[in-house]
Amino acid sequence: MESVSCLKVRQIITVKIKYIQILGIAVSAVYFGFIAFLYLAEPRTLADVTAKAASTLQDATTKGQVITGTYGVDQTKFAEGLRLFRQDNFVAARDVFQKADPEARDAKTQYYIAYSYYRQGWGRLSNDDELFGSGLKQLDVVERLDPNFVAMDEDLKLKRPAELRHEFQEGMRFTSDDLNPLSLIRERK
Amino acid sequence: MSTDTGKTIDAIDVVDGEIALAGEKHLEQRKPQEERRAFLVYMYLPIIFLTAALLGGLRFSSADGSFIFIKPSLLCLIYAAMLMILISRSHLVRLGSWFSDESSLISNAASAATIASLYIASTQIFNSLIPEQGLPYWIVAFCFFWTLWNNIFADFDTRRLVRSLGALFALAFIVKYLVLLNLTAPSNQSWLESVLQSPSKSVASWLLDIPQFSAGTGYVQFFAVAIYMLGLYLLPASPKKESNS
Chain A
1 MESVSCLKVR
11 QIITVKIKYI
21 QILGIAVSAV
31 YFGFIAFLYL
41 AEPRTLADVT
51 AKAASTLQDA
61 TTKGQVITGT
71 YGVDQTKFAE
81 GLRLFRQDNF
91 VAARDVFQKA
101 DPEARDAKTQ
111 YYIAYSYYRQ
121 GWGRLSNDDE
131 LFGSGLKQLD
141 VVERLDPNFV
151 AMDEDLKLKR
161 PAELRHEFQE
171 GMRFTSDDLN
181 PLSLIRERK
Chain B
1 MSTDTGKTID
11 AIDVVDGEIA
21 LAGEKHLEQR
31 KPQEERRAFL
41 VYMYLPIIFL
51 TAALLGGLRF
61 SSADGSFIFI
71 KPSLLCLIYA
81 AMLMILISRS
91 HLVRLGSWFS
101 DESSLISNAA
111 SAATIASLYI
121 ASTQIFNSLI
131 PEQGLPYWIV
141 AFCFFWTLWN
151 NIFADFDTRR
161 LVRSLGALFA
171 LAFIVKYLVL
181 LNLTAPSNQS
191 WLESVLQSPS
201 KSVASWLLDI
211 PQFSAGTGYV
221 QFFAVAIYML
231 GLYLLPASPK
241 KESNS
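So the sequence lines, in the order shown, correspond to chains A and B. When we follow my numbering, the leftmost residue of the first sequence carries the number 1, and every step to the right adds one. When we follow my numbering, the leftmost residue of the second sequence carries the number 1, and every step to the right adds one.
One thing to keep in mind: the hints can contain errors.
Covered stretches of chain B, as calculated for chain A (at least 3 residues, CB under 8 Å) [to be verified]:
#: 1; segment: 39-46
#: 2; segment: 50-57
#: 3; segment: 62-73
#: 4; segment: 104-114
Taking lysine-lysine pairs in the DSSO-like style, the calculated list, with each CA pair at most 30 Å apart, reads [said to hold, decoys possible]:
#: 5; chain 1: B; residue 1: K241; chain 2: A; residue 2: K18
#: 6; chain 1: A; residue 1: K16; chain 2: B; residue 2: K71
#: 7; chain 1: A; residue 1: K18; chain 2: B; residue 2: K240
#: 8; chain 1: B; residue 1: K71; chain 2: A; residue 2: K63
#: 9; chain 1: A; residue 1: K77; chain 2: A; residue 2: K18
Each pair of labels, with its calculated beta carbon distance range [what the hints assert, rightly or not]:
#: 10; chain 1: B; residue 1: D101; chain 2: A; residue 2: N148; range: 51 to 61 Å
#: 11; chain 1: B; residue 1: N182; chain 2: A; residue 2: T70; range: 52 to 62 Å
#: 12; chain 1: A; residue 1: D128; chain 2: B; residue 2: L178; range: 32 to 42 Å
#: 13; chain 1: A; residue 1: E103; chain 2: B; residue 2: H91; range: 32 to 42 Å
#: 14; chain 1: B; residue 1: F142; chain 2: A; residue 2: E103; range: 43 to 53 Å
#: 15; chain 1: A; residue 1: L145; chain 2: B; residue 2: D64; range: 36 to 46 Å
#: 16; chain 1: B; residue 1: F222; chain 2: A; residue 2: T70; range: 46 to 56 Å
#: 17; chain 1: A; residue 1: E103; chain 2: B; residue 2: V203; range: 49 to 59 Å
#: 18; chain 1: B; residue 1: R159; chain 2: A; residue 2: Q58; range: 48 to 58 Å
#: 19; chain 1: B; residue 1: S88; chain 2: A; residue 2: G72; range: 34 to 44 Å
I should point out that these hints are in silico values taken from the structure, not numbers from a laboratory. The C-beta atom is built at its ideal place from N, Cα and C for all residues, glycine as well.
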């Protein structure tokens, strides 16, 4: 009789040790994660630790959304980017567009970024080759995401990536047409 | 003292090291040693070793005192693996009693967490004690390699190993944080100032390629090594109390 009771006591002790083991694994995993974060993020100050933790958490959330298929463009930021785009504030617009689509998975947003390079780099006398080059690279992203992309925005005169690509390539090339005085009256698309 | 009642004992009824059955005077002395040991092995030791790991790669910039986290080199990982072999050979850790097919999955996983934390801490202690770059890096690294390689083939008991490691790490600490750190010229001086005011230090800094850290680095690394040695001292050979030990 006594041995049966002792067996039950031993079972309880075993159960409690199991809880301690589970707790130990959890604490070790969390602590190790924190150390790994510190060595990867390399914060310089204590305040930096909080800021880097917040950005890491944001990145992890976005990646998680991509994995679970719930990722979407931040519509508020996209609208803000569009407003800046229409005001010809292209640098700020690109920044906001990139924040709206941090994983670069939306063809429409990426097309606006490419278009912003065109409008910013366009000039009546000459174009900015550096910005046009960046625009060309950005178009590769758009075509990778959606090869049949067509812009629905009436404000954009170049609706397809192929048209915009042609405009970029022509803009970067120096031809006899560039010396034509009538080119001064051409319009930005 | 106790009689079988046929009732199931609920773990919630465990109060202050005794088992209280509702409605019955059924008290049994528990084994608090087992619990204490479990807390030590599965909770305190990983925390101790991971704290040593956290501090082991931490340096402070001599310019503004900001954090610099130095990741361990491949050499530190290899030395830590050699140290684990040494720890196992000297029976400081009896791996057979930490991992067993008779133990539950959770028990083995918890043991793995403790042993992994020991390995991570060992890596970071080498990261702490081996100079970061230049000629001192290779000299100290070779000395560590020579000592570890010889020790692997020597007969060690547990106590001798801990003493030997303590002496080895203490010597390496003195070399790096007392000798080499004092050879470097202060970073708040300009190049010309340091050459004029402390020419020997400037030459040593240039020849040995020693990085300059804040004095606080030495204090932190002292605690890292001390915490690691405390962990080794507390580390039992087996997670469960053996009847013959």
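Each hint, compared with the structure:
1. 39-46: holds (count 5)
2. 50-57: Since 4 is at least three, the answer is holds.
3. 62-73: Check passed, 5 qualifying residues.
4. 104-114: Holds, because 7 residues of the segment 104-114 of chain B bring their Cβ atoms closer than 8 Å to Cβ atoms of chain A.
5. B/K241 / A/K18: 16 Å, holds
6. A/K16 / B/K71: 37 Å, violated
7. A/K18 / B/K240: Cα-Cα ~13 Å, so holds.
8. B/K71 / A/K63: 25 Å, holds
9. A/K77 / A/K18: It is violated: about 49 Å lies between the C-alpha atoms, which goes past 30 Å.
10. B/D101 / A/N148: 51 to 61 Å: Distance hint for B/D101, A/N148 holds at roughly 58 Å.
11. B/N182 / A/T70: 52 to 62 Å: 57 Å, holds
12. A/D128 / B/L178: 32 to 42 Å: Taking Cβ atoms as reference, A/D128 and B/L178 lie about 58 Å apart, which means the hint is violated.
13. A/E103 / B/H91: 32 to 42 Å: Cβ of A/E103 to Cβ of B/H91: about 52 Å, so the range 32 to 42 Å is violated.
14. B/F142 / A/E103: 43 to 53 Å: 47 Å, holds
15. A/L145 / B/D64: 36 to 46 Å: For A/L145 and B/D64 the Cβ distance comes to about 44 Å; the hint holds.
16. B/F222 / A/T70: 46 to 56 Å: 49 Å, holds
17. A/E103 / B/V203: 49 to 59 Å: Given a distance of about 53 Å, which is inside 49 to 59 Å, the answer is holds.
18. B/R159 / A/Q58: 48 to 58 Å: 51 Å, holds
19. B/S88 / A/G72: 34 to 44 Å: 52 Å, violated
Violation of the numbered hints given earlier is confined to hints 6, 9, 12, 13, 19; the remaining hints are satisfied by the structure.
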